Amino acid sequence: MTPVATTANLDRLRNNLIEIVYQIYKSKYQRKPSTVQIK
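In our numbering, the protein residues as written are 1087 to 1125.
Hints were generated in silico from the structure; no laboratory data involved.
Quick caveat, the model's predicted, so the values are computed rather than measured.
Take the hints with a grain of salt, since some may be wrong.
[Said to hold, decoys possible] Label-pair ranges, simulated between beta-carbon atoms:
no., residue 1, residue 2, range
1, Pro1089, Gln1116, 39 to 45 Å
2, Asn1095, Tyr1115, 26 to 32 Å
3, Pro1089, Gln1109, 29 to 35 Å
Just so you know, even glycine gets a beta-carbon here, dropped at the ideal spot from N, CA and C.
All chains should be built: construct the whole structure from the sequences, respecting the hints.
The following block contains the structure:
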């Protein structure tokens, strides 16, 4: 693989991880709307 392809793959993996963490974070705090307000 070329460095460009490797960078693109790492960016995609990072974006996937960010999306997963965001979904977990959001679902976690949706159970307590009075504690944290997320719009």
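Each hint, compared with the structure:
1. Pro1089 - Gln1116: 39 to 45 Å: 40 Å, holds
2. Asn1095 - Tyr1115: 26 to 32 Å: Hint holds: Cβ distance 31 Å, inside 26 to 32 Å.
3. Pro1089 - Gln1109: 29 to 35 Å: Roughly 30 Å apart at Cβ, these two residues keep to the hinted range, so it holds.
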